[in-house]
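The lines below spell out each chain.
6 protein chains.
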Amino acid sequence: MSETQRQIKLGIPKGSLQDSTLNLFERCGWKVRQHHRNYFPEINDPEITARLCRVQEIPHYIQDGILDVGLTGKDWLLETGADVHVVSDLVYSKVSNRPARWVLAVAGDAPFRTPQDLAGKRIATELLGVTKKYFADLGIPVDVFYSWGATEAKVVEGLADAIVEVTETGTTIRAHGLRIIDDVLVTNTQLIANKKTWEDPWKRRKIMQIDLLLQGALRADDLVGLKMNVPGDKQDAILELLPSLNSPTVSQLKDSHWLAVEIVVDRSIVRDLIPQLVEAGAEGIIEYSLNKIV
Amino acid sequence: MSETQRQIKLGIPKGSLQDSTLNLFERCGWKVRQHHRNYFPEINDPEITARLCRVQEIPHYIQDGILDVGLTGKDWLLETGADVHVVSDLVYSKVSNRPARWVLAVAGDAPFRTPQDLAGKRIATELLGVTKKYFADLGIPVDVFYSWGATEAKVVEGLADAIVEVTETGTTIRAHGLRIIDDVLVTNTQLIANKKTWEDPWKRRKIMQIDLLLQGALRADDLVGLKMNVPGDKQDAILELLPSLNSPTVSQLKDSHWLAVEIVVDRSIVRDLIPQLVEAGAEGIIEYSLNKIV
Amino acid sequence: MSETQRQIKLGIPKGSLQDSTLNLFERCGWKVRQHHRNYFPEINDPEITARLCRVQEIPHYIQDGILDVGLTGKDWLLETGADVHVVSDLVYSKVSNRPARWVLAVAGDAPFRTPQDLAGKRIATELLGVTKKYFADLGIPVDVFYSWGATEAKVVEGLADAIVEVTETGTTIRAHGLRIIDDVLVTNTQLIANKKTWEDPWKRRKIMQIDLLLQGALRADDLVGLKMNVPGDKQDAILELLPSLNSPTVSQLKDSHWLAVEIVVDRSIVRDLIPQLVEAGAEGIIEYSLNKIV
Amino acid sequence: MSETQRQIKLGIPKGSLQDSTLNLFERCGWKVRQHHRNYFPEINDPEITARLCRVQEIPHYIQDGILDVGLTGKDWLLETGADVHVVSDLVYSKVSNRPARWVLAVAGDAPFRTPQDLAGKRIATELLGVTKKYFADLGIPVDVFYSWGATEAKVVEGLADAIVEVTETGTTIRAHGLRIIDDVLVTNTQLIANKKTWEDPWKRRKIMQIDLLLQGALRADDLVGLKMNVPGDKQDAILELLPSLNSPTVSQLKDSHWLAVEIVVDRSIVRDLIPQLVEAGAEGIIEYSLNKIV
Amino acid sequence: MSETQRQIKLGIPKGSLQDSTLNLFERCGWKVRQHHRNYFPEINDPEITARLCRVQEIPHYIQDGILDVGLTGKDWLLETGADVHVVSDLVYSKVSNRPARWVLAVAGDAPFRTPQDLAGKRIATELLGVTKKYFADLGIPVDVFYSWGATEAKVVEGLADAIVEVTETGTTIRAHGLRIIDDVLVTNTQLIANKKTWEDPWKRRKIMQIDLLLQGALRADDLVGLKMNVPGDKQDAILELLPSLNSPTVSQLKDSHWLAVEIVVDRSIVRDLIPQLVEAGAEGIIEYSLNKIV
Amino acid sequence: MSETQRQIKLGIPKGSLQDSTLNLFERCGWKVRQHHRNYFPEINDPEITARLCRVQEIPHYIQDGILDVGLTGKDWLLETGADVHVVSDLVYSKVSNRPARWVLAVAGDAPFRTPQDLAGKRIATELLGVTKKYFADLGIPVDVFYSWGATEAKVVEGLADAIVEVTETGTTIRAHGLRIIDDVLVTNTQLIANKKTWEDPWKRRKIMQIDLLLQGALRADDLVGLKMNVPGDKQDAILELLPSLNSPTVSQLKDSHWLAVEIVVDRSIVRDLIPQLVEAGAEGIIEYSLNKIV
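Residue numbers (the UniProt record's numbering), protein chains in the order written: chain L, 1 to 294; chain Z, 1 to 294; chain Y, 1 to 294; chain A, 1 to 294; chain F, 1 to 294; chain E, 1 to 294.
Everything hinted at is true.
Below, simulated DSS-like cross-link-like pairs (lysine-lysine); rule was C-alpha separation at most 25 angstroms, straight line:
no.	chain 1	residue 1	chain 2	residue 2
1	E	K234	F	K254
2	F	K196	Y	K121
3	E	K132	A	K132
4	E	K9	A	K121
5	Y	K31	A	K227
6	E	K196	A	K121
7	F	K254	E	K254
8	Y	K234	A	K254
9	L	K195	Z	K121
10	A	K227	Y	K254
11	L	K9	Z	K121
12	F	K9	Y	K121
13	L	K121	Z	K196
14	Z	K132	L	K132
15	E	K195	A	K121
16	A	K196	E	K121
17	Y	K196	F	K121
18	L	K254	F	K254
19	Z	K234	Y	K254
20	Z	K254	Y	K254
21	Y	K9	F	K121
22	F	K132	Y	K132
23	Z	K254	A	K227
24	L	K234	E	K254
25	L	K254	E	K254
26	Z	K195	L	K121
27	L	K121	Z	K9
28	Y	K254	A	K254
Sample of chain F residues lacking proximity to chain E, with all beta carbon distances greater than 12 angstroms (derived):
no.	residue
29	A107
30	L128
31	D143
32	L191
33	E199
Below, a sample of chain F positions facing chain E; criterion: calculated Cβ distance under 7 angstroms:
no.	residue
34	L253
35	K254
36	I274
37	P275
38	I285
39	E287
40	Y288
No lab work stands behind these hints, which were simulated from the structure alone. Positions of the beta carbon are idealized from the N, C-alpha and C atoms, including for glycine.
Construct all of the structure, not just a fragment, from the sequences and the given hints.
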């Protein structure tokens, strides 16, 4: 088989992460389009065949070589215990910088304060194996049972004494009147590969290309470009305000003592930085979005 | 506690069966109403408290006494192995009289003809335990793994060699291009009770009331009432046409040789019976629906 | 104008009550059909022209003679103070027999126990006039202000100290964490007429026809028909079980000692009555729905 | 081929009439169920295979023998000029008794009063052939062109001088500010059969069974059952009120001078009949729905 | 209390303006996220707590100090007569530059030409106080009554002689066949603050930061960035075409007589400017979007 | 009439292309807004009036001068045979670079291999005239008939032997189990004008402005801007990697040997270009989107 016909099999999570993942791949130049009556999504790269799978099943398929590479969660990788190569962590930007975590939660007015207080109690969760191991490692005997969804409601309904459930900010947990008493697992999306695939130089290079571009696009979500004009005599004061890690691009305007300054900064500091720049004498400040930064 | 304050805890399946089950209870006189922000549905019987649970979790809750009585499927009762009392089978009327069954299916063009041909292959299913036992009983070594939904698609996508999935008519299975090679389990809805609950005379009587009315309402789905006027001299010929198991109610009309005949018949024979009755001389045939028949 | 051309103008509430009201009229023989781009719904009675209006505006239109007759709530009739003739109360069947009522509610953990505790506080409501009168009659000085919907949330959000809001079972009130401290007004749907209209014999007769049929259809919601066959020697025991207010229709079956018994009973007692009838020897019990009972 | 394997091919209109037609067949005992990924709907009668087709295409398929029998509109039968056997007219119950008709309509403020005024003008319609023939028969030269939906809007948008469009009550036409100046065609649903099919005795008998039951179910839409108790001495006065065409079923109540009277009447007269029956002394009047009347 | 713990309470309009307002705040660096079961939206700035309120109620809450600062409409500020500090006008970009206005409208074929013609007539509106004042100032006695939505329809339905309703372009008014006879009030969104809040230096500074960024983001909606390459000898001609108020950034390209020119221009002139720039010799013209311009 | 009052009438396709077309015009500076109850969309250019029409009807309206200019498909222009001036082709960016085409397709297992094999067969299509001409030109006698949508299903349902249907990638055709045996027509969107309109200098200039901007915006869909910093000594190696057709903008950074390089490249090569640039020593690579490129 000639090199141009080589292909890797890529697994993309379907369900709640599907739209944001397909959008991420599109920003990286890979358009994945699923057709109504067709199982195999089309992808505009002859070197890749893509499949949409449940995030929980991807580790299994990659371990068995049904897929070469895919995205999954660190939580489900642990739960399944699949034997794969972890290529990298992919941290999606969300409302807060707090990572997603599986927490142990009880009713707000329950007497339980620590995991030890739950000895002999009933715990509902979708993450059965990890939860059992968590309590076993602590030496606490509990009755862990599998929850088919709507887990938060189970404590309120009296069907369980505690739950282990995933949350980003804790808001949904608290909205159900629950109280978090411990973190069981911190998780994030991961790019994982089959171990044999990773030994193949052509396939490894292809996977690293995917990783470089995914990381570049994810990084761009948190950053914006700023441009401004700066009088020559205020250059130092203004450059001092800019975050030291990102070196600005400074160019002399033609026939003028003004400078054009461009910089990439974290989106979250802009609302504080702009008032300071205005005060320091910068003019014509514009902010624009980035697709990718490498 | 006085007898009038006694209560049983009833579990109703949520999800795909929820609407038809709530409708069934309403036809029996129990209005169950779920409120947007409330976990506990309201029920208009002070002797019952109702909860909506996943059908897969109900056997577990009833075994542990969290619930007294509930509806579940024979399949999930077997899968969970819960130790409960089976009160009765509740056969919902559907498009066909064929019961729901879990079948073993493979790709239409696969070489597999019998379960034995699947030795060493990968089988996806949501009914993990029952499927493992089915192959173990046959002495066939296979790799059974858990499927998080969309099971039929897995064979087409090359993620599994065979599936075990539930179907009523086989239509969805065939629409995916699959071929059924064996029946693994025939299933239907069941009314089940906690074993201690069943020993309590008051609670058992209450459960039997529920069962009597649910059965009466389910039976009425398949039956209709027919009324007709019959000339006295054609009475015998017409009564002969009527199904022998249901004895008709015959009354003499006032000042007339005509008789009024009423009968309850299976809905499915009406389209053939009516043309015969017309031919035999019956007049003014009307058909009406029933809520319940006991 | 000839009598056949006479018409009354009927106002039907739009919004939350619209579907159930149109359905009620349809069961009475009046099909009201609203067209997408048309203001005037079509009605299949040349003696009526129908309009869909906000329930709050109907009293006003009827007082002014813009409409002759209409459905509204006792609450909005009081609030607007419109001078109309109240024809009758129309009690729609709902989950409970508890009528809708406007209640005074406060935060669950607030120190207020009686209306008097709210002196000097802020009260949000959509029923401004009635609420002001309620507090004035009690001699309690408060600041009542108009709420543009989502009233229950206002206490939680700290925007009001108490609310006056409508509820049937109190469930939504409690789901917001509120506590009811008094009933302000018990309400139900009413059929009301313009006072001059009511003096016109032709129009009054038409309105009374509407009222008779609406009442008959509403009553049928709560009732069902039962038929059963009864052996002659058990007739007395069985008839004794039947509610005394509704006299059963009993007829002798032809050439038999069995009787056919028909009766109309309250839907809510059927679940208790049927087990008793079975025990007493009734056979072939069937239950069917009614459209109307007069 | 044995007789039990004989089949007729039935065409059912898809689109706006689909739901009401499938519901009609279900009331006749034929459950037609369409599956998501399947072209052929399943039907619970081994003697029929069903297909869903556009109503406009059915005449064509029946003429060519692709289908044996089907439902279509008289309008599309004429438009296509298909050579088929018309079995019967099926008049669906709608808001009014006025049949659907294709009308010629112009802008409300246009100078056109008669079809003749449209000489030389532009006419938009979906019923191209019938419209052309209509104008040709009148000897009026016009430019008729095909409209791809939203026909009523074309006059308003200045894209056509007149339209020919279907309407039941004229409401949508008027809502667009149009004025009807002539009726082009009155139409209704028809049951039609292939001419060769109609010559086959087995198939003709099957088609007549379908027709008998469809007619029985359609008739039941417009009728209801009434039961009442009548004192013996008022029997004559009350029976006189009942429509003469439907002969009532009268039976003597046991040990009583009261009679039980049952009758089937047109739904549309109930609202006038019930007040009269009450006045004449009938008691315990109940109304119930019918599925079918033959 | 330490300065870092200080907070202002911000009111955001819910309903029709909610999505565009939340999007505007997000572009300014404030992510506001509302959770399904929670009243208080989360905001990623510890110095702000946010609340979603009806736009009509915000002035009232700010006057009373329930909120410190918020967005409302000039119309509802006038209607409520609330005593607050108006920080600035926020002009959202819409399809036209015509501001929203409340107009007095009558039926297209009504005889009314001026407000005076409405003496003694019935006027429906949601803006009761402003409308009453408008007529009182003109000395015209009218009957103004409150409209519960669908105001435009009231004239058509014969329920009112005129309406006062908000519109941007007049399109909806005209689509109902109404004719505008006067402007009652021109309105736009405003940022308003509680008067005491405004005296607090820390809070005023925070409000001014919010205002600076909101204005910067709104301005960016109407502007785009243009870049182009310009030959040195055509520099003057091309720079002359550019709008004089925005001074372009000009830099010399390396080892070339070409210049790079960047400028920010109004989005609405681009469609006319680009053809002129092409004609004048500019090359490689690219246009890109801006997030903010200060 | 003064020049500023001159207007052209523009036809925009409604239906499946409507949203992408309105979005395209908005990116060019023309906001087209359709109001719920209004036929004429509003457009923010006094020189244009816009109308939404079915794509199939636009050629007809433009030929007759009802519209001056509009977007349609080459397929429908051919089908209608309208006599218009074709201004330009507008190639929308889609998942693949393969243009849309009308293909001749048959059942996957049918014996037909070439158009000639279809002699005497039944062909269903929405593109009646083009299809008839295609077969006539080949001298193949067939029965072409009009299909009212869902054309692909007709072969499967046995209603046609072959179809002529539009497809971009062939996916939907194959998903129905069909096999393509020939291309009938390759099509794309076109900007067309009335022939008299095109002779009017003012109108022609306006149409050319529309065309210039639409083309600029469509081109920008496939391109992105890249900026990077490059060490002076690696300049040549890096510039060599950049596509030769697009000349990069290079400027010297102030007080440094680094250069700033900006270039516009095809979106589809970025995923391969970025890894190469990183390897060659470029730093701070950022990618951003373009609105338009002329």
